[in-house]
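Please take these sequences and the hints and turn them into a complete structure.
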Amino acid sequence: MQWTAMTRIAVVTLTAAIAAPGGAKAEQLKIAMIEALSGPAAQTGIAFTEGMRYGVDRLNAAGGFNGQPVKLLEYDNQGGPTGAAEKLKAAIAEGARIVSSASSSAVAAQLSEDIRKHNLRNVGKEVIYFNVGSEAYELTAEKCHFWFFRMGTNPYVRIKALVRAMKDNNVLGEKIYSINQNYSYGQDHEKAQAQFVKEAGATVVESVLHDVNKIQDFSPYVAKIKASGAQTVITGNWANDIILLIKAVGDAGLKVRIGNTSLDTPGTLGNAGALALGSYLVKIYNLEAGGAPGKAFIEDFKTKIGHYPYSEEPTSVFATALLGEALKLVNFKGGDIDAKAVALALEKAKWESPVGPWSVRADDHQVILPITISEVSRAATYKVDTTDMGFKLVRVVPADAAAVAPSPACKMQRPG
Amino acid sequence: MDFVLFSTLNGIIYGLLLFMVSAGLTLIFGMMGIVNFAHASFYMLGAYIAYSLAKLIGFWPAILLAPLLVGLIGVAIERGMLRRVHKHGHAHELLLTFGLAYVFEETVKMLYGNYAVPYSIPADLRFPAFTLSGADYPFYRVFIGLTALVMFALLFWLLRRTRVGIIVRAAVRRPEMVGALGHDVPKVFMGVFGIGAWLAGLAGAISGAFFTTSPNMALELGIIVFVVVVVGGLGSLEGALVASLLIGLLTSFAAGADVALADLGGLVGLGPAMKAIGGIFTVKLATIAASVPILVMLVVLLLRPSGLMGDKT
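Going down the list, the sequences are from chains A and B. Numbered as in our numbering, the first sequence ends at 416 without a single skipped number. Numbered as in our numbering, the second sequence ends at 729 without a single skipped number.
Worth flagging that the hints you see were computed from the coordinates, not collected in a lab. Backbone N, C-alpha and C fix where the C-beta goes; we use that ideal spot for every residue, glycine too. Treat the hints with care, since some could be wrong.
[What the hints assert, rightly or not] Derived BS3-like pairs: lysine-lysine, alpha-carbon spacing no greater than 25 Å straight-line:
1. K525/B - K304/A
2. K700/B - K175/A
3. K302/A - K525/B
4. K392/A - K167/A
5. K191/A - K700/B
6. K175/A - K198/A
7. K525/B - K383/A
8. K700/B - K198/A
9. K700/B - K214/A
10. K295/A - K350/A
11. K350/A - K71/A
[Said to hold, decoys possible] To give an idea of the chain B side of the interface with chain A (calculated C-beta under 8 Å), a few residues:
12. Y430
13. N632
14. L635
15. T703
16. S707
[What the hints assert, rightly or not] A few chain A positions that, by computed beta-carbon distances, are all more than 12 Å from chain B:
17. R53
18. K71
19. K125
20. G173
21. E174
22. T203
23. E288
24. T303
25. K333
26. G334
27. Y382
Okay, here's the thing in structure tokens:
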């Protein structure tokens, strides 16, 4: 392993050394995906990575970039910021000009800061951080910078759409319970839920933060939910924290509706069973959405990757498609890649997804995108987890309606 | 009042579940002097094997058979691996079990995938045992608790009231002496290891259906189980029971407690000042419920390093 990596570096350096005096040589665009590919967080990391593979394959099917195929480098960050920081160095050494990650907001905060510093110290050799799923709001607020792009939703975008859809369908209720995980992402959810529930004229009767994916038994929290008299539980919980929450709610015979962001993680419906029926999900994409182009996309994805893009995959697929549009706006004529030009092109690019247009807002580099609301139902077209349930599309929220104004805390310094 | 009642019940039953897994760990430590890092993996294996078997032979036979298979795996590990490295000392045994935990986790991922598998209790078991002021209390939860109690009674009787128990307890204290008296000490060790694995497998088979069966379950429970064993006193079965219940109840009540340090400070008039400082003073106990066991362990280690009921120093 070590040896091959060393050999590869040696070969690359050697080739570079030989090629350099000869003048311009086309630089291959390398995208590094630094994700959790092992350990507990891998279940989310792998889905994002599969979407990335599919997306990059499509770029290459359309002719690649700079006269060469785009290369996807995959690195396992082992679930944490320490691993990610190390892998970032390796990725930059391998010549990656675009770095991506998706799941953990802690990893994203580390990579964003590392890349900001790298770019300050290496003018002309900048790296773009093309994040496709970390939701912590600070990344496009206090910590926003020119090289960071969030190509996914954030809690404010998701909860705004979710609460409005639930209100319009008369399933929001008057009393809302807000339960979230205690870290940047969950704290943002708590704030977003408080804000949009209030706007919808309902009340958050109680809100609680709990440890992340450590709790085996949610029944104490269910006892609190019951005591509060809430009709609806809104939560940004993911993985075990949502499965166990639904199970505990159902087992206590509590009649509340759940609004969530991650019910589509494989295994969630299978585990929650009929207890999940009626729950609401807010997500970038729904397999039922998008008419004929949507159908074509999910079938093609299934042929290439082996399953439908039913959870996180569409985010990285759509993000790379938008990147593809940006790359069409620049031309390095087979020379070196200028990351700044690519970043500026990303701000201008537009891509039509099966459910509507994607574009990047220049103010804070948050992608402006349509999102979907679904209900767990037996009437869904695509059933999941070998159950008789799936996600029935409730509505598609258009990009401009889903967008939330940029944070005043984002003071982006653009390169001169 | 309801809240207190619910939290108590939930705490006791979660505690009893912890006991089923930690009983084997503490016995194995008491006897062989090694912390078995792969112990929580037996819990995971129990759940996965029961999930596979339940599809073939039904739920009840599966939760009986799966723990037996896990017990056999335990026996095989003791006989085929641990015994071989025993002569090289504890560090080697420790590393071996550490490695095994990884091997089990990755094997499960290869066979069943990265996500939680849909292992759940049959629909006809999904009924309330009783209703407390409007909220149902699931029967299956009571069943988990009862199983653990029966297991404790059985183990206690076996260790304290039978000849086998005498030999086992003696082998824990003075293995050379027991060997000199003509008993097969390695076989005793193997038996205890097998029973420990069987118990953890049983806990997994039963509770995996109620909670989730995922590749992370060993990791999630593993830490808590170590805490239980340390708090209870390494090697002490009664200690494990007391510590399990203590930690179960504390976690349960902490999750429901809406108090922060600032509220405590408020009792002596420091409330507003502490709230102004923020940070640790305004963190609600409910937020850090899952860390409470670790805090308990710290306190116990400081005040009583041998654990609540441990007699070794």
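Evaluated hints:
1. Proximity of K525/B to K304/A is assessed by CA-CA distance (about 22 Å); at most 25 Å being required, the pair is judged to hold.
2. For a cut-off of 25 Å, the pair hint linking K700/B to K175/A stands: about 22 Å separates their Cα positions.
3. Restraint check for K302/A and K525/B: satisfied, since their Cα atoms lie roughly 22 Å apart, inside the 25 Å limit.
4. Using a Cα cut-off of 25 Å, the hinted pair K392/A and K167/A holds, with the two alpha carbons roughly 17 Å apart.
5. With a C-alpha separation of about 16 Å, the suggested pair K191/A and K700/B falls inside the 25 Å cut-off, and the hint holds.
6. Simply put, K175/A and K198/A have alpha-carbon atoms about 11 Å apart, close enough for the 25 Å limit, and the pair holds.
7. A distance of roughly 23 Å separates the Cα atoms of K525/B and K383/A; the hinted pair therefore holds under the 25 Å criterion.
8. Only pairs whose Cα atoms come within 25 Å are accepted, and K700/B paired with K198/A is accepted, the gap being roughly 23 Å.
9. For the hint linking K700/B to K214/A, the alpha-carbon distance of about 17 Å falls within 25 Å, and the restraint holds.
10. The hinted pair formed by K295/A and K350/A meets the criterion: a straight-line CA distance of about 21 Å does not exceed 25 Å.
11. A C-alpha spacing of about 23 Å is found between K350/A and K71/A, which places the hinted pair at or below 25 Å, so the restraint holds.
12. Checking Y430/B against chain A by beta carbon gives a least distance of about 5 Å; that is within 8 Å, so the hint holds.
13. The closest approach between the C-beta of N632/B and any C-beta of chain A is roughly 4 Å, which is under the 8 Å cut-off, so the hint is satisfied.
14. Proximity of L635/B to chain A holds as hinted, the smallest CB-CB distance being about 6 Å (cut-off 8 Å).
15. For T703/B, the interface hint holds, the least distance from its beta-carbon to any beta-carbon of chain A being 5 Å, beneath 8 Å.
16. The restraint placing S707/B at the interface with chain A holds, with a minimum CB-CB distance near 7 Å, inside the 8 Å limit.
17. Against the 12 Å criterion, R53/A stays outside the reach of chain B, whose nearest CB is about 16 Å from its own CB.
18. The beta carbon of K71/A sits about 25 Å from the closest Cβ of chain B, which is more than 12 Å, so the claim that it is off the interface holds.
19. With a least CB separation of 36 Å from chain B, K125/A remains clear of the 12 Å interface cut-off, as annotated.
20. For G173/A, the non-interface assignment is confirmed: its Cβ lies about 17 Å from the closest Cβ of chain B, beyond the 12 Å cut-off.
21. A cut-off of 12 Å between C-beta atoms confirms that E174/A is not in contact with chain B; the least separation is 18 Å.
22. Every C-beta of chain B lies more than 12 Å from that of T203/A, the closest at about 17 Å, which supports listing it as non-interface.
23. Every Cβ of chain B is farther than 12 Å from the Cβ of E288/A; the closest lies at roughly 22 Å, confirming the non-interface assignment.
24. Remark: the non-interface label on T303/A is consistent with the geometry, its nearest Cβ contact in chain B lying 20 Å away (cut-off 12 Å).
25. Residue placement check: K333/A keeps its beta carbon more than 12 Å from all beta carbons of chain B (closest about 43 Å).
26. No Cβ of chain B comes within 12 Å of the Cβ of G334/A; the nearest lies about 41 Å off, and the non-interface call holds.
27. Every CB of chain B is more than 12 Å from the CB of Y382/A (nearest about 17 Å), matching its label as outside the interface.
The structure is consistent with each of the numbered hints, conforming to all of them.
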